[in-house]
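Chemist: This is what each chain is made of:
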Amino acid sequence: MHITIYSILPLTTSIVSISLGLLVLLNNIKAEINRVFFLSSLAVFLWLFCYSICYSTDNEKLANILLWIGCSAVLFISVTYYHFTSVLCYKKKEKKFALSLYYVVLLYLPFSFFTKYFHTGLYKYYFGYYSRVGPFYIYVIIIFMSIISRSLLQLFSTIKLKLLPANQLKQIKYIFLAYFISFFASIDFLPKYHVNIYPFGAVFFLFWSIIISYAILKHQLLDVNIVIRKGLIYSLLIATLTIAYLTLIITIEKLFQNFLGYQSFIISLVYATIIAVFFIPIKNKIQHIIDKAFYKGSTEEIAQENLFLRKEIADKERLKAIATLASGLAHEIKNPLTAVKTFTEYLPSKKNDPQFLDKFARIVNNEVGRIDNLVNQLLDFAKPAPLNLKDTVVEYLIEDTIAFLNNDFIKHNISIVKQYNPNEQHLLKIDQNQFKQALLNLFLNAIEAMSDDGGELIIGIAVKTTASDILCISIQDTGPGIAHEDIKHIFDPFFSKKDTGTGLGLAITQGIIQEHGGKISVETQIGVGTKFKVELPLYSRS
Amino acid sequence: MSKKVLIIDDVEGVRESLKLILSDYYNLIITEDAGQGLNCVENDQDIGLVLLDIKMPGYNGLEVLQKIKNVSPELPVIIVTGYKSVETATEAVRLGASGYIVKPFKAEEILDVVKKKMK
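Protein sequence lines, in the order shown, are assigned to chains A and B.
Once you know that position 155 of the first sequence is 157 in the numbering used here, the rest is easy, because the numbers rise by one and skip nothing.
Once you know that position 51 of the second sequence is 505 in the numbering used here, the rest is easy, because the numbers rise by one and skip nothing.
Because the hints were derived from the structure by calculation, they are not lab data.
For clarity, every value in this text was computed on a predicted model and none was experimentally measured.
Backbone N, C-alpha and C define an ideal beta-carbon position, used for all residues, glycine too.
A hint or two may mislead.
So these bits of chain A aren't anywhere near chain B, every CB distance computed over 12 Å [claimed, not checked]:
| # | residue |
| --- | --- |
| 1 | Asn36 |
| 2 | Leu44 |
| 3 | Lys97 |
| 4 | Lys98 |
| 5 | Ile145 |
| 6 | Leu179 |
| 7 | Asn198 |
| 8 | Ile251 |
| 9 | Thr253 |
| 10 | Val377 |
| 11 | Leu446 |
| 12 | Glu450 |
| 13 | Val465 |
| 14 | His518 |
Distance ranges between label pairs, derived from CB positions [stated by the list, open to error]:
| # | chain 1 | residue 1 | chain 2 | residue 2 | range |
| --- | --- | --- | --- | --- | --- |
| 15 | A | Ala168 | B | Arg548 | 47 to 57 Å |
| 16 | B | Lys570 | A | Gln434 | 53 to 63 Å |
| 17 | B | Ala543 | A | Ala328 | 16 to 26 Å |
| 18 | B | Glu562 | A | Ile373 | 45 to 55 Å |
| 19 | A | Lys420 | B | Asn481 | 36 to 46 Å |
In silico lysine to aspartate or glutamate, DMTMM-like type, Cα no more than 20 Å apart, as pairs [stated by the list, open to error]:
| # | chain 1 | residue 1 | chain 2 | residue 2 |
| --- | --- | --- | --- | --- |
| 20 | A | Lys431 | A | Asp471 |
| 21 | B | Lys573 | B | Glu562 |
| 22 | A | Lys343 | B | Glu517 |
| 23 | A | Lys521 | A | Asp433 |
| 24 | A | Lys361 | B | Asp464 |
| 25 | A | Lys431 | A | Glu517 |
| 26 | A | Lys343 | B | Asp566 |
| 27 | A | Lys353 | B | Asp478 |
Using the sequences and the hints given, assemble the complete structure.
Modeler: So this is what it looks like as structure tokens:
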């Protein structure tokens, strides 16, 4: 067996596809989306690799088996596509359906192998062996088309309805383009019905790989974002050029044989060398162009620079917050220090005064506790734990927090008014613990405001659609309201109107919300109440 | 009988500390509430000195100082604060404060200042 010109396109594309899949998988093996993408590229590899061998082999038996594997892989591609887009667009129900489709494909395998309804054998075309299909195969095509259309529709509706944040939508647009183009590979079904054309569908999968690689490089698709390997783009480039190179050589060889009627090793060597001489500068030139287009310096340099920049910005913000905090902390900590200092100063002269000792025990203990509390909160604030982002149904989280504070609500005669549907599910990508703390602080604040006369705690959830979808959570109390001169300070660290408070609650809440890319605002009216509004990017709803 | 010292501070530990230091020598009026403190200044002619806590700059301690000075321009007011900054000190003096004590203070320090102002 020697590789014919017809094998080059599917063979190269299959190798490009599996390389891309492996790169994505190894970059983040734990991420579901990366694993599903690998499955897709594995299916593409199986399909094209098996067919490419059939175009070069004379062994009919081998071809028969390879054609069956390749043909089955095609159906598998559609299911992995659907699985991939469901995960990408956060469609939980559709993902379940996609998973069940895997079983359908597995059931199909023995049927197609042992019966003649789907596979009946093979055709011998000018380009090599190709599948010959039975009467029921048309249904396979229909299912294939429906599944892929459904995937495309999923992507399309996500883009159209702007269901995800802008940067993710940008990625999805590329995926949509890549998958849409790959749909044209359906041209490869035709030779299965004895239409004598070369199945050039692999071309569209080459485009698929290129577009997805581009999205990875430019838009951090699939979390391949730490240090982007130059190798990815180069291997694609070399693969594409190799196709051109081999095609040229084999075509010229054919031309020589046909027109000149002889075959000479020396002539072959000469033109291969000539092409190779031109090939290298062309490759270098293209590499140079790609370097310029994608990176200003080298990839590593850029990635490193980005990392530093991001760290520097984070450090600066943190330093600023700590500076504000430190001055507040100095004042806050000096009060308890004053008490401890004065009382210990008087201890030697008053150690026999029981009244003094009582007071000493109480005050010093209280004040030390206050310092301890302050330091703990300061640590929370100054060094926020890294966010552990998880898909979270915000309704559940709110219900949880309400349940947690239930006793306090009853104690202070506060009734909860839910201006949202508890059965609805709005999905946010948040750190559950930190976000719960943020909610808790807001609830505690409301309880504090209504602790004297009771009242209503009104909780609302609404979706605001602007450039992207924003989820608004409102928490409203019917307390006395906040004075006009205080309202601008309520998020400042150490601003407190309470005797017991440290003034860090709302500052911490604001920090957490901002860390999640959201914002918090407040409206108040004296004698009517106060309303806090938290706005966060929405990931999905159902 | 000498005049009274008015202490305005929202932290119990600080109030108790000042009480501990001063109660053997002076009559004290102690309050945690600035409004109540102002009332005392308005109604009690026997007050000879105010020890006033101010929080961070921009907050209401300096306003209270201003109000006391409006009601009773001659009454000496000593600022007690944990926030040691030139700006706040200057501002306090500009508004008529007679002294400036930084927390945590020594008992002696308080006694000295109060003794001087109560003469």
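Chemist: Look at each hint and say if it fits the structure.
Modeler: To see whether the hints hold, each was checked on the structure:
Non-interface call for Asn36 of chain A relative to chain B: holds, since the shortest CB-CB distance, roughly 50 Å, exceeds 12 Å. Distance check on Leu44 of chain A: its Cβ is at least 62 Å (rounded) from any Cβ of chain B, clearing the 12 Å threshold; non-interface status holds. At roughly 53 Å, the least C-beta separation between Lys97 of chain A and chain B is larger than 12 Å, which holds for a residue marked as non-interface. Every beta carbon of chain B lies more than 12 Å from that of Lys98 of chain A, the smallest distance being close to 56 Å; the non-interface claim holds.
At roughly 70 Å, the least C-beta separation between Ile145 of chain A and chain B is larger than 12 Å, which holds for a residue marked as non-interface. Even its closest Cβ contact with chain B, about 55 Å, leaves Leu179 of chain A beyond 12 Å, as expected for a residue assigned away from the interface. Taking the minimum C-beta to C-beta distance to chain B, about 85 Å, the non-interface status of Asn198 of chain A holds against the 12 Å cut. Taking the minimum C-beta to C-beta distance to chain B, about 80 Å, the non-interface status of Ile251 of chain A holds against the 12 Å cut.
No Cβ of chain B comes within 12 Å of the Cβ of Thr253 of chain A; the nearest lies about 81 Å off, and the non-interface call holds. With a cut of 12 Å on Cβ distances, Val377 of chain A stays outside the contact zone with chain B, its closest approach being about 16 Å. For Leu446 of chain A, the condition that its CB be more than 12 Å from all CB atoms of chain B holds, with the nearest at approximately 20 Å. Distance check for Glu450 of chain A against chain B: the nearest CB is about 16 Å away, which clears 12 Å, and the non-interface claim stands.
Listed as a non-interface residue, Val465 of chain A keeps its Cβ farther than 12 Å from every Cβ of chain B; the least gap is roughly 38 Å. At roughly 28 Å from the closest C-beta of chain B, the C-beta of His518 of chain A stays outside 12 Å, upholding its exclusion from the interface. For the pair Ala168 of chain A and Arg548 of chain B, the supplied restraint of 47 to 57 Å holds, since their beta-carbon distance comes to about 52 Å. Checking the proposed 53 to 63 Å range against Lys570 of chain B and Gln434 of chain A shows it holds: the Cβ atoms sit about 59 Å from each other.
For the hinted restraint 16 to 26 Å between Ala543 of chain B and Ala328 of chain A, the CB-CB distance of approximately 19 Å keeps it satisfied. Judged by the Cβ atoms, the range 45 to 55 Å given for Glu562 of chain B and Ile373 of chain A is violated: they are separated by roughly 24 Å. Evaluation of the 36 to 46 Å hint for Lys420 of chain A and Asn481 of chain B yields a failure: the beta carbon distance comes to about 56 Å. For the proposed pair Lys431 of chain A and Asp471 of chain A, the alpha carbon gap of about 13 Å is at most 20 Å, so the pair holds.
Our distance criterion of 20 Å between C-alpha atoms is met by Lys573 of chain B and Glu562 of chain B, whose separation comes to about 17 Å. Under the criterion of a C-alpha separation no larger than 20 Å, the hint pairing Lys343 of chain A with Glu517 of chain B is inconsistent with the structure, at around 29 Å. For the hint linking Lys521 of chain A to Asp433 of chain A, the alpha-carbon distance of about 15 Å falls within 20 Å, and the restraint holds. For the hint pairing Lys361 of chain A with Asp464 of chain B, the CA-to-CA distance comes to about 18 Å; that is within 20 Å, so the pair holds.
At most 20 Å may separate the alpha-carbon atoms for a hinted pair to count; Lys431 of chain A and Glu517 of chain A meet this at roughly 12 Å. Restraint check for Lys343 of chain A and Asp566 of chain B: the C-alpha separation of about 17 Å stays at or below 20 Å, so the hint holds. The suggested pairing of Lys353 of chain A with Asp478 of chain B holds, with an alpha-carbon distance near 16 Å, which does not exceed 20 Å.
Checked against the numbered hints given earlier, this structure breaks hints 18, 19 and 22; the rest are met.
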